[in-house]
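Respectively, the protein sequence lines represent chains A, B and C.
The first sequence begins at 1 in my numbering and counts up by one.
The second sequence begins at 1 in my numbering and counts up by one.
The third sequence begins at 1 in my numbering and counts up by one.
Don't take each hint at face value.
To be verified - With beta-carbon atoms standing in for the labels, derived distance ranges:
#1 B/N199 <-> C/I181: 23 to 33 Å
#2 B/M5 <-> A/V83: 47 to 57 Å
#3 A/L120 <-> C/R170: 39 to 49 Å
#4 B/G175 <-> C/K202: 41 to 51 Å
#5 B/T30 <-> A/V9: 50 to 60 Å
#6 A/S92 <-> B/D66: 44 to 54 Å
Said to hold, decoys possible - Stretches of chain A that chain B covers, calculated by requiring three or more beta carbons in the stretch to come under 8 Å of a beta carbon on chain B:
#7 19-33
#8 36-49
#9 54-61
#10 133-142
Just so you know, these hints were derived from the structure itself, not from any lab.
Ideal Cβ positions, reconstructed from N, Cα and C, are used throughout, including at glycine.
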Amino acid sequence: MTESMLLLVLNLAGVFFFGLNGSLIALRQTSLDLIGVVVVGMVTALGGGTIRDVLINSLPPATFADWRYLAVAAAGALIAFLVGHHLERFISVIDVADAIGLSLFCVAGADKAMAFGLGLSQSVILGAITAVGGGMIRDVIIRQVPTVLTKGLYAVPAIVGSILTVASIRLGIYGTSAIVIAALSCFIIRILGMYFNLNAPKPPFRDKIQ
Amino acid sequence: MTESMLLLVLNLAGVFFFGLNGSLIALRQTSLDLIGVVVVGMVTALGGGTIRDVLINSLPPATFADWRYLAVAAAGALIAFLVGHHLERFISVIDVADAIGLSLFCVAGADKAMAFGLGLSQSVILGAITAVGGGMIRDVIIRQVPTVLTKGLYAVPAIVGSILTVASIRLGIYGTSAIVIAALSCFIIRILGMYFNLNAPKPPFRDKIQ
Amino acid sequence: MTESMLLLVLNLAGVFFFGLNGSLIALRQTSLDLIGVVVVGMVTALGGGTIRDVLINSLPPATFADWRYLAVAAAGALIAFLVGHHLERFISVIDVADAIGLSLFCVAGADKAMAFGLGLSQSVILGAITAVGGGMIRDVIIRQVPTVLTKGLYAVPAIVGSILTVASIRLGIYGTSAIVIAALSCFIIRILGMYFNLNAPKPPFRDKIQ
Numbered sequence: 001m002t003e004s005m006l007l008l009v010l011n012l013a014g015v016f017f018f019g020l021n022g023s024l025i026a027l028r029q030t031s032l033d034l035i036g037v038v039v040v041g042m043v044t045a046l047g048g049g050t051i052r053d054v055l056i057n058s059l060p061p062a063t064f065a066d067w068r069y070l071a072v073a074a075a076g077a078l079i080a081f082l083v084g085h086h087l088e089r090f091i092s093v094i095d096v097a098d099a100i101g102l103s104l105f106c107v108a109g110a111d112k113a114m115a116f117g118l119g120l121s122q123s124v125i126l127g128a129i130t131a132v133g134g135g136m137i138r139d140v141i142i143r144q145v146p147t148v149l150t151k152g153l154y155a156v157p158a159i160v161g162s163i164l165t166v167a168s169i170r171l172g173i174y175g176t177s178a179i180v181i182a183a184l185s186c187f188i189i190r191i192l193g194m195y196f197n198l199n200a201p202k203p204p205f206r207d208k209i210q
Numbered sequence: 001m002t003e004s005m006l007l008l009v010l011n012l013a014g015v016f017f018f019g020l021n022g023s024l025i026a027l028r029q030t031s032l033d034l035i036g037v038v039v040v041g042m043v044t045a046l047g048g049g050t051i052r053d054v055l056i057n058s059l060p061p062a063t064f065a066d067w068r069y070l071a072v073a074a075a076g077a078l079i080a081f082l083v084g085h086h087l088e089r090f091i092s093v094i095d096v097a098d099a100i101g102l103s104l105f106c107v108a109g110a111d112k113a114m115a116f117g118l119g120l121s122q123s124v125i126l127g128a129i130t131a132v133g134g135g136m137i138r139d140v141i142i143r144q145v146p147t148v149l150t151k152g153l154y155a156v157p158a159i160v161g162s163i164l165t166v167a168s169i170r171l172g173i174y175g176t177s178a179i180v181i182a183a184l185s186c187f188i189i190r191i192l193g194m195y196f197n198l199n200a201p202k203p204p205f206r207d208k209i210q
Numbered sequence: 001m002t003e004s005m006l007l008l009v010l011n012l013a014g015v016f017f018f019g020l021n022g023s024l025i026a027l028r029q030t031s032l033d034l035i036g037v038v039v040v041g042m043v044t045a046l047g048g049g050t051i052r053d054v055l056i057n058s059l060p061p062a063t064f065a066d067w068r069y070l071a072v073a074a075a076g077a078l079i080a081f082l083v084g085h086h087l088e089r090f091i092s093v094i095d096v097a098d099a100i101g102l103s104l105f106c107v108a109g110a111d112k113a114m115a116f117g118l119g120l121s122q123s124v125i126l127g128a129i130t131a132v133g134g135g136m137i138r139d140v141i142i143r144q145v146p147t148v149l150t151k152g153l154y155a156v157p158a159i160v161g162s163i164l165t166v167a168s169i170r171l172g173i174y175g176t177s178a179i180v181i182a183a184l185s186c187f188i189i190r191i192l193g194m195y196f197n198l199n200a201p202k203p204p205f206r207d208k209i210q
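Just chain A, with the same shape it has in the complex (with noise of 0.2 Å):
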């Protein structure tokens, strides 16, 4: 398999799980019905890397130039949306989507970031954005705080993935392996992180604030 298409692959396998995990978070909005779901899935597919294609100038977004992203999202939301209600363990289901999700789309925003000639800093924020991006705009339609600001290492993990990757094409020692490791990284440490209840350090003396 070249590079190229493993590429396509990471993109769109993180396009289906974030489908199923918009629409099965959608699904406990008692307010929404299939279309309502359908919507907050295939958003919080696409988002993440149509936020990207705008901000690196791929126009039209991968979203909108190749079928097979909007299939797929579709796909994983519609799945999610059919079969929902015989997810036993429900919430977990949604976490591991959520964390495969943002594994896979890491890695490739900060690839396709450095491949439009951005910098090595940018190229990480950017990977980081793909990968937040589509939950954000999730979080925000269905009016939860964004879990990026609030759900303890969840932005760490993007951004340690995004910085395996810039790092290894930096240094010429981007492939399979190397893309394995970064998402495998950014996963370990996601799924870590919500094991052990991990979190960013609050800001100091906040009960002084106010």
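Please arrange chains B and C on chain A, whose structure you already have, making use of the hints.
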């Protein structure tokens, strides 16, 4: 009237009705002053077309390349501000203005996406995004759950209007009649949906979830 | 100091003060940790300029083409995180930092829009969008009604600063003095508006609505 002229009229009329709609909805939020009401009206009017133009790489967006868009959006918003309290059947005017904007924008959006060389399914989605985008931004900034996620048959008529537009372009029968039929179909489905309170299907077995 | 140099300084200073402002506001949300506070600060700092650059097709946005923007935004956000609890008159610092950012960004935004060939009224609107855009995204993600919709005289000073900038460019008298006058006018109107609690007019007969 040439077709490009007709399309400009569709776009500007859509901008006007969405400007009216956005400001009328904003008027019901007691905390907003003149500027707030006009800003919400203009964002509603111009949001959908701006998102479309960014995604198809038609930059700067028509909104900022042609002064008539800003003028017409401001006119719709100001009229709502000034005469809003005279409108006897306030809710109906809000909903009808919204349905008109939706119908005109799905056609104009799908047409422009096709003209920029996007694929068939992408053009349908972009038509729907153009139609529902402004209202979604409106709902996010005034902190309502977006209409498209909750109100029965809001995305569906926009998708039907977009499909009819894309199909008639593809079949070579696009023209004034096709435009009118596509916009009217969207409008009628939307109005019937409101009148009979139709809804998209709800998720199966929702009570089992969570 | 050349004008383009001066403009870079305006932009970076605006980014710094908005970064400070965004993080100080985020600090008041007890649920946010270090990452959340820094993310809100950076989004506030970089949001307005990024929207402007997307709309005028200056892609990738300066934010991602020039590392200094990311560095300065992060510096403002981190300083707020670290010393926020030492700031005696916390609210005043938030508001003054916001007013400084607003004043610098309306000038920088209107200037850049004119440089990219947009019309006069479009450049005024883009200056205002640059100035209020970051704060609007900040308010949406931390779930406040956007300041620009509710707080008296927030958009008005930004529009005044933009008009003065565009007018002086059009009249051929643009330069350091014009920039200082435009930014100061915005700043003074904003501060006076806060001090005297001035407001834009309220909708007429609001009590009759609904």
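Checked hints:
1. B/N199 <-> C/I181: 23 to 33 Å: This hint is violated: roughly 57 Å between Cβ atoms.
2. B/M5 <-> A/V83: 47 to 57 Å: 50 Å, holds
3. A/L120 <-> C/R170: 39 to 49 Å: Given a distance of about 41 Å, which is inside 39 to 49 Å, the answer is holds.
4. B/G175 <-> C/K202: 41 to 51 Å: With a Cβ separation near 47 Å, B/G175 and C/K202 satisfy 41 to 51 Å, so the hint holds.
5. B/T30 <-> A/V9: 50 to 60 Å: 52 Å, holds
6. A/S92 <-> B/D66: 44 to 54 Å: 51 Å, holds
7. 19-33: holds (count 8)
8. 36-49: holds (count 4)
9. 54-61: holds (count 4)
10. 133-142: This one holds; 3 residues, not fewer than the three required, reach chain B with a Cβ under 8 Å.
When the structure is compared with the earlier hints, a violation turns up for hint 1 alone.
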